[in-house]
Amino acid sequence: MTAETMQGYNYAYLDEQTKAMIRRAILKAVAIPGHQVPFGSREMPLPYGWGTGGIQITASIIGPLDVLKVIDQGSDDTTNAVSIRSFFARTAGVKTTTATEEATVIQTRHRIPEAPLTDGQIIVYQVPIPEPLRFMEPSESETRTMHALEEYGVMHVKLYEDIAEHGRIAKSYDYPVRVQSRYVMAPSPIPKFDNPKMHDSPALQLFGAGREKRIYAIPPHTRVESLDFEDHPFEIQKWDEACAICGARDSFLDEILTDDRGGRMFVCSDSDHCARRVREDC
Amino acid sequence: MDQELLRVSGLTRYYGSRVGCRDVSFSLWPGEVLAIVGESGSGKSTLLSLLSGRLAPTAGDVSYRDRDGRWLSLPNLSEADRRRLQRTDLGVVHQNPRDGLRMRVSAGGNIGERLMALGHRHYGRLRGTGLDWMERVELDPQRIDDHPSAFSGGMQQRLQIARNLVTEPRLVFMDEPTSGLDVSVQARLLDLLRHLVASLGLAVVLVTHDLAVARILAHRMMVMRGGEVVETGLADQVLDDPCHPYTQLLVSSILQA
Numbered sequence: 001m002t003a004e005t006m007q008g009y010n011y012a013y014l015d016e017q018t019k020a021m022i023r024r025a026i027l028k029a030v031a032i033p034g035h036q037v038p039f040g041s042r043e044m045p046l047p048y049g050w051g052t053g054g055i056q057i058t059a060s061i062i063g064p065l066d067v068l069k070v071i072d073q074g075s076d077d078t079t080n081a082v083s084i085r086s087f088f089a090r091t092a093g094v095k096t097t098t099a100t101e102e103a104t105v106i107q108t109r110h111r112i113p114e115a116p117l118t119d120g121q122i123i124v125y126q127v128p129i130p131e132p133l134r135f136m137e138p139s140e141s142e143t144r145t146m147h148a149l150e151e152y153g154v155m156h157v158k159l160y161e162d163i164a165e166h167g168r169i170a171k172s173y174d175y176p177v178r179v180q181s182r183y184v185m186a187p188s189p190i191p192k193f194d195n196p197k198m199h200d201s202p203a204l205q206l207f208g209a210g211r212e213k214r215i216y217a218i219p220p221h222t223r224v225e226s227l228d229f230e231d232h233p234f235e236i237q238k239w240d241e242a243c244a245i246c247g248a249r250d251s252f253l254d255e256i257l258t259d260d261r262g263g264r265m266f267v268c269s270d271s272d273h274c275a276r277r278v279r280e281d282c
Numbered sequence: 001m002d003q004e005l006l007r008v009s010g011l012t013r014y015y016g017s018r019v020g021c022r023d024v025s026f027s028l029w030p031g032e033v034l035a036i037v038g039e040s041g042s043g044k045s046t047l048l049s050l051l052s053g054r055l056a057p058t059a060g061d062v063s064y065r066d067r068d069g070r071w072l073s074l075p076n077l078s079e080a081d082r083r084r085l086q087r088t089d090l091g092v093v094h095q096n097p098r099d100g101l102r103m104r105v106s107a108g109g110n111i112g113e114r115l116m117a118l119g120h121r122h123y124g125r126l127r128g129t130g131l132d133w134m135e136r137v138e139l140d141p142q143r144i145d146d147h148p149s150a151f152s153g154g155m156q157q158r159l160q161i162a163r164n165l166v167t168e169p170r171l172v173f174m175d176e177p178t179s180g181l182d183v184s185v186q187a188r189l190l191d192l193l194r195h196l197v198a199s200l201g202l203a204v205v206l207v208t209h210d211l212a213v214a215r216i217l218a219h220r221m222m223v224m225r226g227g228e229v230v231e232t233g234l235a236d237q238v239l240d241d242p243c244h245p246y247t248q249l250l251v252s253s254i255l256q257a
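In order, the protein sequence lines correspond to chains A and B.
Residue 85 in the working numbering sits at position 85 of the first sequence; the count goes up by one each step and never skips.
Residue 72 in the working numbering sits at position 72 of the second sequence; the count goes up by one each step and never skips.
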């Protein structure tokens with residue numbers, strides 16, 4: 001621990017019993033890939049929707065030797081990312097980084113980094129709505145039964161509606177997946193561009209929903225398939241433009257308005273990836 | 001060959017100490033339409049819920065013979081098997097179409113749901129089936145993308161029927177399918193039902209308080225009162241020559257046109 005570590009709080013903010021409880025939920029989640037495990041979510045010193053689920057998972061698994069990276073919409077320097085990073089720097093005294101390959105724990109909101117994750121890394125997703133069946137079925141007891149009995153027909157009803165209305169599957173984020181051919185899972189609001197990265201990833205993927213009190217997981221090297229139709233296969237987003245800063249053509253681009261006369265530019269959403277490409281080119 | 005489709009024996013359901021229905025036994029054959037009539041509170045809907053596996057009986061059994069000729073006891077089936085059966089071989093048409101339809105899903109999505117639940121994954125074919133069924137229940141195929149909330153009551157009821165029949169079930173339960181519709185719409189719906197039942201060889205258990213509906217659709221009738229069956233027989237026989245005093249009262253209370 002560093003000298004700046006806060007006094008008067010337990011290591012990584014949560015008390016040890018809470019962390020043990022959350023770790024038990026995580027173990028169960030890893031044992032049943034894609035299954036939502038209820039846990040006793042605690043009040044955290046930030047509002048629901050700001051990552052209370054992810055932050056509790058990170059607090060429960062982070063050790064003094066870990067190196068933490070936090071991203072929000074792919075960026076290391078947005079408010080949410082900066083706050084959570086400094087929260088753990090102060091309560092756990094861990095080293096933080098913005099470099100994907102240096103991190104052992106990556107907490108994320110809305111993106112998976114462009115740099116491939118590696119063996120031994122853990123990525124923690126912040127999840128607002130963990131139940132993929134929720135928009136079709138409001139009853140919790142019914143959705144649990146549907147998961148238990150693998151009744152997932154309604155997921156395709158939703159995709160059918162998309163095609164009927166828009167001529168294609170218009171869902172572009174939180175795109176539902178089937179984990180290890182068993183559970184249908186909401187991958188949190190990452191763009192569907194990132195869905196293929198979840199498949200067979202060497203990293204451990206943990207998902208935490210603080211308000212909804214659910215934890216779920218994808219263990220390393222697990223099959224993750226995006227739902228689709230035979231005649232409307234799953235596709236990821238593509239751009240005609242390249243990143244205006246680094247020139248990348250294979251990364252997820254954000255559209256940024258630069259003035260009020262229609263000026264716009266496309267740049268990488270993953271700020272670490274973009275900065276590295278600029279550094280290495282020059 | 002022509003074996004029963006459904007065997008019901010001693011079916012009883014209590015709500016606490018109150019009787020829902022008591023000691024009901026009958027058999028149903030493929031292609032047969034059985035009407036259960038009686039005034040409200042007589043146990044018709046309880047019986048229908050028991051028969052379709054949506055309610056567990058206090059005593060007795062409902063057995064269904066599946067396509068492979070095996071007898072399945074609905075109350076003893078695992079929840080998974082029972083729900084699978086309910087999505088494939090059985091259908092339920094609710095009195096209120098809102099109970100049987102997904103109101104926020106288009107007509108085509110409603111029709112395709114049971115097929116998607118069975119693993120159909122080809123949008124074009126699902127769409128084709130949807131259009132075909134819209135036509136078969138006399139709905140305008142051009143409205144396949146409209147939500148049921150934009151449909152009239154009669155159209156919603158047709159859509160509910162299409163949504164059930166798309167998996168070609170062998171047995172359909174209908175709970176007052178025509179009540180709440182005005183008389184001319186009722187007549188057309190009855191016409192459609194009669195045609196579908198005959199052309200698909202469906203067996204139907206129909207609950208109604210409307211003896212006229214029972215006369216048009218049913219081959220056989222069961223009269224209920226206070227949770228018990230008081231009279232059974234061929235529909236025409238029961239209506240023309242009622243034996244039980246209660247049935248006589250029911251029949252004589254029909255307004256003569």
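Rather than coming from a laboratory, the hints here were simulated on the basis of the structure.
Be a bit skeptical, because a hint or two may be false.
What the hints assert, rightly or not - In silico contact screen, one side only, chain A against chain B (beta carbon under 8 Å); selected entries: (1) GLU43; (2) LEU46; (3) LEU149; (4) GLY153; (5) VAL154; (6) HIS156; (7) TYR160; (8) GLU165; (9) ASP231; (10) PRO233.
Here a beta-carbon is modelled for each residue, glycine too, at the ideal position from N, C-alpha and C.
Hey, does the HIS156 of chain A contact hint survive, CB to chain B under 8 Å? With Cβ-Cβ at 4 Å, under 8 Å, it holds.
Minimum beta-carbon distance criterion (8 Å), PRO233 of chain A to chain B: With Cβ-Cβ at 10 Å, over 8 Å, it is violated.
Does the CB of LEU149 of chain A sit less than 8 Å away from some CB of chain B? This hint holds: LEU149 of chain A lies near chain B, its Cβ roughly 5 Å from the closest one there, short of 8 Å.
Please verify that hint: GLY153 of chain A, Cβ, nearest Cβ of chain B, below 8 Å or not. 3 Å, holds
With chain B as the partner, please determine if LEU46 of chain A meets the hint condition of a C-beta pair closer than 8 Å. Violated, because the Cβ-Cβ distance from LEU46 of chain A to chain B comes to roughly 33 Å (cut-off 8 Å).
Taking the least C-beta to C-beta distance, is GLU43 of chain A closer than 8 Å to chain B? 34 Å, violated
Any CB of chain B closer than 8 Å to the CB of VAL154 of chain A? Since the shortest Cβ distance to chain B is 7 Å, the answer is holds.
Would you settle whether the hint for ASP231 of chain A is holds or violated, based on the nearest Cβ-Cβ distance to chain B being less than 8 Å? Given a least distance of 5 Å, the restraint on ASP231 of chain A holds.
Please verify that hint: TYR160 of chain A, Cβ, nearest Cβ of chain B, below 8 Å or not. 5 Å, holds
Taking 8 Å as the limit, does the beta-carbon of GLU165 of chain A come near enough to a beta-carbon in chain B? Holds: closest Cβ of chain B sits about 7 Å from GLU165 of chain A, inside 8 Å.
Checked against the numbered hints above, the structure breaks hints 1, 2 and 10 and satisfies the rest.
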